[in-house]
Amino acid sequence: MPDSALSALGLGYSVDGTYLVADTNISVAAGELVAVLGPNGAGKSTLLGLLAGDLRPTTGSVHYGDTLTASLAVSERALHRAVFSQTSPFDIPLTCTRVVSLGRYPHRHDQSISPEEDAAFVVSAMEATDTIHLAHRAYSSLSGGERTRVAIARVLAQNTPIVLLDEPTTALDVYHQERVLGILRETADGGKAVVAVHHDLNSAMTYADRVVVMASGRVVANGTPAEVLTADLLASVYGVPMAVLDHPLHTGKIVLVSPDRDPGSAG
Amino acid sequence: MTSGTPVHRDPFERKRRITWVALVALTIGVAGASVAIGSVSVPLGDVAATIGAKFGLSTSPGGVAEAVVWDIRIPRLVVGFATGAALGVVGAMLQGVLRNEMADPHLLGIGPGAAIGAALGASGGGTRGAIAGGVAAGVLTAFVLRRLARGPAIDRTRIILSGAALSLALGAWVGFVVFGSDRGKVPPLEFWLLGSVSSATWSTAITLTIFVSVAIGGMLMVRRTLDVVSLGEKEAGFLGVDTELLTSSLLIVAGATVGATVGAVGVIAFVGLVVPLVLRRGMGHSYRHVLPASIVGGGIFVMAADLVARSVLSPIEVPVGLVTAAVGGPVFLWLIRRNQDA
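Residue numbers (the numbering used here), protein chains in the order written: chain A, 50 to 316; chain B, 954 to 1295.
Among the hints, a few may not be true.
Below, in silico cross-link-like pairs of lysine to aspartate or glutamate (DMTMM-like), each with a Cα-Cα straight-line distance of 20 Å or less [stated by the list, open to error]:
{"no.": "1", "chain 1": "A", "residue 1": "Lys302", "chain 2": "A", "residue 2": "Asp249"}
{"no.": "2", "chain 1": "B", "residue 1": "Lys1187", "chain 2": "A", "residue 2": "Asp140"}
{"no.": "3", "chain 1": "A", "residue 1": "Lys302", "chain 2": "A", "residue 2": "Asp281"}
{"no.": "4", "chain 1": "A", "residue 1": "Lys302", "chain 2": "A", "residue 2": "Asp258"}
{"no.": "5", "chain 1": "B", "residue 1": "Lys1007", "chain 2": "B", "residue 2": "Asp1024"}
{"no.": "6", "chain 1": "A", "residue 1": "Lys302", "chain 2": "A", "residue 2": "Glu227"}
{"no.": "7", "chain 1": "B", "residue 1": "Lys1187", "chain 2": "A", "residue 2": "Glu216"}
{"no.": "8", "chain 1": "B", "residue 1": "Lys1007", "chain 2": "B", "residue 2": "Glu1019"}
{"no.": "9", "chain 1": "B", "residue 1": "Lys1187", "chain 2": "A", "residue 2": "Asp103"}
{"no.": "10", "chain 1": "B", "residue 1": "Lys1187", "chain 2": "B", "residue 2": "Glu1197"}
{"no.": "11", "chain 1": "B", "residue 1": "Lys1187", "chain 2": "A", "residue 2": "Glu125"}
{"no.": "12", "chain 1": "A", "residue 1": "Lys302", "chain 2": "A", "residue 2": "Glu276"}
Calculated from the structure, these hints are not laboratory results.
Isolated chain A, as found in the complex (with noise of 0.2 Å):
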């Protein structure tokens, strides 16, 4: 098995005596992008939480390549790892380009990056994410989805080994949840360990590596897209019945939700 750069072992977290996580074990690598499936309350964000090291795990542990995220500052995690979420509040009056720059804001007493090099990272991480014409708006006044590539690019400009993100194309239009996906999937293959919790089956099929599905906390599949996105697994999981048909224009796989007669008696 190839170092990982990411890994939980055992991971549990619960709150008053409930585990929303329970017996998680990860392992993620360098170059590998993997996406987070399960329905609504199945542990995919309180999970992402635990590897951010923003929530303490009530068991297990997570390392961050050999070292123990517990044992790690706050402010040398945000070296290790960039994390994007769905928590940003919406009244942020800073402009585009300061939010972004402030993904650098982990690296600052690091003298060997000079100005530069930190405003390179940031100009890069606008062009990817299609926000350079945006760069002195103020961030309050964006559309959701503008704000959700905005804060990408933020992440992105952090440049740490280990990215994770939660939802990211879920305020986004069809073109740019592929412009996302495909700076995810070019992230990874720059040699960085990607986490994405995910709710479109289609996206997870076509970029991820691999897939781990959840539900009531715990991991129930593992793998490739192809292994793991049965029809049958899905229908267990989400309590829709599922096709999983092949692509008609390129190789893979494509989902579609297929109730058998009537929608609502779904779920």
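Position chain B relative to chain A; hints supplied.
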């Protein structure tokens, strides 16, 4: 489509340059007017000659002009500027760390809390005692405020309301302390609650300037961190900021800094609220720019308010806090209104 547009050419850049020029011009203008205008009118030539003489550049005009300018008006100006600078920066910093543009050290109760300690200190050790007591009580009040603000996420409305209640209650306690002390040693209640720079001496000016300079230097170091905090508590954590620790440390710095000014000149309200608010119009919202500009903006505001305070009902001098409140109150109302509309 966007090629050739450098990302770092910020349209605010020009606005910021203009604002800085205006701030410097206002500092010189208000300072010059403050030294020249008063019950004894001193020609600007004599003002310049008096100051120049201290550096061996000219011969002193001597007499009343020199005494008024050098021993009364300039220390008063220095104390006013230092106080305003401190309150402006503390206000901006608190607004940043609490993510609340309505934060002000005095409206949050730090000023009145510090005044209790300052009044106690004054009865034992004069102005130096008042500053020491103000610093101690300011820090203590900051601790109380921190307790009130503690929670998973700082509740913005709750901390403002708690601060307002704290402010009124502590203001009343200043009254009890003042009325219970030796009237010969402790300045009257109006000094503590409405502020005055009229009794400023060189000794106070130097002590306060040194203390305030160190504190401002410390606060300027976190201006980039305050921008990170404005992304939200969670995001700041993801970027490596320990927000709990930062909030606690900065509240203590605020308590000490404000406490020193209260010991020297009493509570001058609304400076910390209004100065950053107005400056954001010209500097943008990044604390990289708002914090340094608040040093000068705060200094100008208190110097100008003091000039008004001793001119408006001349020869009677009104407390400088009356002037800052008369201006600051309406601005505060406008801010609340604007926030509702948004």
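These are the hints, each one checked on the structure:
1. Among the hinted pairs, lysine 302/A with aspartate 249/A is consistent with the structure: their alpha-carbon atoms are about 13 Å apart, no more than 20 Å.
2. A distance of roughly 14 Å separates the Cα atoms of lysine 1187/B and aspartate 140/A; the hinted pair therefore holds under the 20 Å criterion.
3. Straight-line distance between C-alpha atoms of lysine 302/A and aspartate 281/A comes to about 15 Å, which keeps the hinted pair within the 20 Å bound.
4. Simply put, lysine 302/A and aspartate 258/A have alpha-carbon atoms about 14 Å apart, close enough for the 20 Å limit, and the pair holds.
5. For the proposed pair lysine 1007/B and aspartate 1024/B, the alpha carbon gap of about 12 Å is at most 20 Å, so the pair holds.
6. Of the pairs offered as hints, the one joining lysine 302/A and glutamate 227/A holds, with about 17 Å between alpha carbons and a cut-off of 20 Å not exceeded.
7. Of the pairs offered as hints, the one joining lysine 1187/B and glutamate 216/A holds, with about 16 Å between alpha carbons and a cut-off of 20 Å not exceeded.
8. The hinted pair formed by lysine 1007/B and glutamate 1019/B meets the criterion: a straight-line CA distance of about 10 Å does not exceed 20 Å.
9. The suggested pairing of lysine 1187/B with aspartate 103/A holds, with an alpha-carbon distance near 8 Å, which does not exceed 20 Å.
10. Distance restraint check for lysine 1187/B and glutamate 1197/B: the Cα-Cα separation of roughly 11 Å lies within the 20 Å cut-off, and the hinted pair is therefore satisfied.
11. Restraint check for lysine 1187/B and glutamate 125/A: satisfied, since their Cα atoms lie roughly 16 Å apart, inside the 20 Å limit.
12. Straight-line distance between C-alpha atoms of lysine 302/A and glutamate 276/A comes to about 11 Å, which keeps the hinted pair within the 20 Å bound.
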